[in-house]
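> Here are the chains, one letter per residue:
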Amino acid sequence: MNNFLLSALIFLPIAGSVVVLFLPSTFRDSFRWISLIVSVINLLNILTLYNNFDRQVSNYQFVEQHEWIRMSLGNLGVLSIDYLLGVDGINMPMVLLSGIILLIGSISSFTIEYRQKAYHSLYLLLSGSIIGCFVSIDFFLFFLFFEFMLLPMYFLIGIWGSEHREYAAIKFFIYTLVGSILILIVMIGLSMSVKDPFFSQEMGRTVHTFDFRQLTDFNNFIPHSILHPYEKQMIFGVPARLFAFILLIVGFGIKLPSVPFHTWLPDAHVEAPTPVSVVLAGILLKVGAYGFIRIAYGFFPDIAYQFTYIVAGAGVISIIYGALNALAQEDLKKMIAYSSISHMGFVLLGLASLTLEGVNGAIYQMFGHGLVSAMLFLVAGVIYDRTYNRLIKNFRGLSSAMPYFTLAVAVAFFGALGLPTLPGFMGEFFTILGGFQSEILPNWVSMLAMLGIVLSAAYFLWTLQRMFFGTFWANSNQEGKMQDLDFREIVMLYSLSAFSIIIGIFPSLIFDISGVSVKAFLNGF
Amino acid sequence: MSAELVILINILFYLFGFSFLLYKRNKLSEQSIGLLSILINFIGLLFSMGIRWSDISDDVISYNWFYISDKLFTIDILLNDLTYLMFFLVQFIALWVQVFSLKYMQGDPSFGRYYAYVNFFILSMIGIIISGNLLMIFMFWELVGLCSYLLVGFWYEKKSATNSAMKAFLVNRIGDIGLFIGILLVYRYFGTLNVTTIVEKAQLMSAESLNSPIMTTIGLLLFCGCVAKSAQLPLQVWLPDAMEGPTPVSALIHAATMVVAGIFLMARIDPVLSPDTHLVMAILGMLTMFFGACSALVQYDIKKLLAFSTISQLGLMVVGIGVGAVNTALFHLVTHAFFKAGLFLSAGAVIHHMQHEQDMRKMGNLRREIPIIYYTFTICAASLAGIPFFSGFLSKDAILVAAFEWASHQQKQIYFIIPVMCLVVSSMSAYYIMRQVFLVFLEREDNPLELISSGAKSLYKNMAKRIEGIVNIEEDEERQQAEIRHSEEDLLGFLSKIGFMEVSCIIMAIASFGFVFAVNPFLTESSWFFQTFHNEAINYQWVIYIAILVALNGVLLGYIFTKEESFQLDNDEPGPKGEIANFIFNNYYLSETYQKVFVKPLLWISPKINLFDRKMIDGIVNSVGNLTISWASLNNWFERKIIDSFVGLVAETSIKIGSYTRQIQNGKAQTYIITIFVCLVLIMILLMV
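Heads up: the sequence lines are chains A and B, in that order. Counted the way our numbering counts, the first sequence spans residues 54 to 578. Counted the way our numbering counts, the second sequence spans residues 3 to 691.
Check the hints yourself; a few may be wrong.
Claimed, not checked - Covered stretches of chain B, going by a simulated chain A footprint (3 or more residues, C-beta under 8 angstroms): (1) 138–144; (2) 183–192.
Stated by the list, open to error - Pair by pair, the computed Cβ-Cβ distance ranges are: (3) A:Asn-530 / B:Val-601: 51 to 57 angstroms; (4) A:Asn-56 / B:Leu-613: 52 to 58 angstroms; (5) A:Thr-164 / B:Leu-613: 29 to 35 angstroms; (6) B:Val-518 / A:Glu-383: 54 to 60 angstroms; (7) A:Glu-383 / B:Gly-621: 42 to 48 angstroms; (8) A:Pro-282 / B:Leu-613: 33 to 39 angstroms; (9) A:Asn-56 / B:Val-601: 39 to 45 angstroms; (10) A:Thr-164 / B:Lys-29: 37 to 43 angstroms; (11) A:Asn-530 / B:Ser-21: 32 to 38 angstroms; (12) A:Tyr-167 / B:Arg-616: 28 to 34 angstroms; (13) B:Lys-29 / A:Asn-56: 48 to 54 angstroms.
Calculated directly from the structure, the hints in this document are not laboratory data. We treat Cβ as the ideally placed atom computed from N, Cα and C, and that holds for glycine.
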């Protein structure tokens, strides 16, 4: 069973998607259940995976390798693309996060009434590609899934979104596609520069590989290749590796998103339907961060070391700039979107520190932010579903009318502003601790990041103050619509709250997984 | 059973209390909520006493918490006398505050929520007390901040309450950032967060390395946390506003326990603090003490006066730590906890009696109406004033003595300003607390009881509507008057009036007597406190006599001046007359300054930044998009007009040629013959040439 576990994670949702697609519309009430059942099974599989994950090993585990494409390139050798899956301490937390968030998203999708068949088919397709993106350890396969996520996402925003959905969907699609192209360029360059030592010897020809395990090893670079680490090949007078690294950080920086490549995010988030926002904030942003760790930092450690300032600087600017923008928002969902930008900045800071604390903290922050931002968007969705309105100033004193909702909001807000025992705190603590421990970063960079902590407390508490305290009132006599949470919403919000608290008090659930791999990862620097 | 197990079980009890009460807050009756909560607290108190009297040595217990790669982070429980003392103190005061709240919060629709929060607060406070490493201390430190936020903003429908709560949280956050950086630097330079290890390492340091800039930086950053939490200058602005919360909460959190957490932390890590840090603490503490006392002098709000008094007393404790008298400062922490809790609870009883009127100008002669509260308040006030035979005298004067001792060891005479200021403030506190006693309880010439009953009470009937229990104020008043008359007749009637509120006040008042702490009320050394904790040497016996004189002088002046004071009752102005007095009354307009300097610019700049984001950064993205579209349409134009029209031109030309040549092919033999002939001629000409 273990040998097919990762494939099952990818292909079960895709199979589900096909099933939904071919079921006649008379079954329309069952589509949501199919998507729910698939998500539940997937989460159970992921928990099995998590449980059987060997925490003492830094290598990839549960590896599945099948030869996929072998193509002769004439004089250049052979191009070898494998169907190659595996998990280690860096992507395991992300797989776990995906399982949780996708399940929450599928519960949240129950409210979708319009064109259910298409919706659930696309949602399951998205689920499969997200997990595929996290577990594939062949660059080509990774890129395939990375690109493939865009398609369902584009339709999910463009068809089921709110008012300006077409604009947001197009913007999201094209912006991220630009990032993908930059990554594609580097991918081709890398595979041209690296050979698989084992197969090359066996076949007597140069075998170009996309295998992550080969790409990290400097010994596998072909002499005189464009991205060779020790030979300074130049492109337009810029060292080629530097050039490739810049392309990567821009490419993944768009996905993350890091200031100044972030502007697709507020639009996409605001226009997307609630479950899609949840998935977008909960997981898709982490794909960018994961790419940063695994690909930009993993394959170009030498350049990354030089680029510490820029990456940390982008992180700190994202933290402060995102927070200041969040402070100015009048739309609840936009406020949350900008807070996401701010909190993802901590991931960059932790990563740039290149310390055990920082990188582990970054992974923890990714996980924690995934849970918290999912909650935040669900919270915004609860209000939007009732009133079709998201403006902060249109609501007041909701806590008297909706006590159960307010409790969930409090957990989400305080989780985001970094209250201890909730996930935001440990992430911020360890990324900043990493910044302070770091030999290559000056202390003031991390100190600036602290400003973000104060600001995030300010905008979250201010929102809490404006929307939830005071005497109960909702604009245009919508008080009657403000019912407290129904069963489905309680399940989603309270299970995420409980999970956040557990992760916040027992950070070892994540750190135990990531620890050994991060240590091995940092040995490369 | 080992001590740490007892404490952990105790914490679990509070956790249960919190979650159970929060869950069942609307389903249980007030009696069962109160009973459950008090029972939990009582068991905790028994535990704490059991630990205190059993034979336990200092101990650090570590559990593995999590690994970051191979670095271990532990859960450390530090057990020493200070832990046990605070463990007892917090639960003791919390117990009586909870008893008090039974009556005070009676009829409040959120009764259950209140008790749940209190349970959570006690839990977090115990967390700070037992934590043996800085990470845990910081976590619980933030959690008590959350409790403070929740309880200050308890009546969340009141805008002022939630504003104050937010302010408290944010101001504390700013201080916490300093603490946070301090902790990170400790981790960097000591390689651990374990308090015991850090203290041991610091004690092994030479004097020079302890006084190095980096140690001073660490010390000052850690002190930042104390500045915010213990309301020191310039971050003390949140504490007076925090009085928006229910009064028992002010007694528990904002007087006796949470605000002293900063002092507690400083005491825990005292060996790490460099001499320069100590000096800064002494000076800042002195300033806080003085300015807080100044503000207290001119307050009319019964709770705000006490809040400023708390700020001032916290300043005194910081001075104590600054001059190196850590245990003396802790002693004052303990005595202050009792008498200030007593003062707040008594003030709460007064407020309850006055139907939520807090302006002291509208009070007076309450001695007759609530005699028990009068006595408890006066006893606690005497303790605050530093009158002999009361606990405040012992601890306050011990700090004074220590300050003189410290100043005499310094090279320059200028350092004597600190102990002298302590004396001055001592006199001031005697003055303002006497003034308060006078205003609230004693008879004033211009302010007879009748005026109060008829004027103020009817004015504030509206406010009283909050209290659902009281339906008819008139009736209630008559009953009270009758009770007063009755109570003056016999002791039994007097005792029969003792309710939950009175009991709590009486207990606190008893705990404010000097004999509770020391056999000889004039000799601090004889206190049980200093038998457990090492006492710093006392040589300056004469200081104590001066202090007594100064305190009595303050009381006397307070009596004389307050007697002269007169107010117009219809005067709704909150502050006193005069610009300087108003300046002091408003806490030096610090809040307003911060509002202007930090908050306003922030709220001004953030929409601008957002505009920049939307117009500039997103503008670039959009214009790239639009540019592409324009380029595409230009291409399209070129395509259709130039390239395609060329193709069209070719086609049209061939059509034209075709249509022209078609005319030749008209099917007439003559035309063909002419054409053939012409062509032949042309070919011949060509051939000949």
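> If a hint holds in the structure, say so; if it doesn't, say that too.
How the hints compare with the structure:
1. 138–144: holds (count 4)
2. 183–192: holds (count 5)
3. A:Asn-530 / B:Val-601: 51 to 57 angstroms: Taking Cβ atoms as reference, Asn-530 of chain A and Val-601 of chain B lie about 33 angstroms apart, which means the hint is violated.
4. A:Asn-56 / B:Leu-613: 52 to 58 angstroms: holds (55 angstroms)
5. A:Thr-164 / B:Leu-613: 29 to 35 angstroms: 34 angstroms Cβ-Cβ, so the 29 to 35 angstroms window holds.
6. B:Val-518 / A:Glu-383: 54 to 60 angstroms: holds (57 angstroms)
7. A:Glu-383 / B:Gly-621: 42 to 48 angstroms: Taking Cβ atoms as reference, Glu-383 of chain A and Gly-621 of chain B lie about 20 angstroms apart, which means the hint is violated.
8. A:Pro-282 / B:Leu-613: 33 to 39 angstroms: About 44 angstroms separates the Cβ atoms of Pro-282 of chain A and Leu-613 of chain B, which means 33 to 39 angstroms is violated.
9. A:Asn-56 / B:Val-601: 39 to 45 angstroms: violated (60 angstroms)
10. A:Thr-164 / B:Lys-29: 37 to 43 angstroms: violated (30 angstroms)
11. A:Asn-530 / B:Ser-21: 32 to 38 angstroms: holds (37 angstroms)
12. A:Tyr-167 / B:Arg-616: 28 to 34 angstroms: holds (30 angstroms)
13. B:Lys-29 / A:Asn-56: 48 to 54 angstroms: About 52 angstroms separates the Cβ atoms of Lys-29 of chain B and Asn-56 of chain A, which means 48 to 54 angstroms holds.
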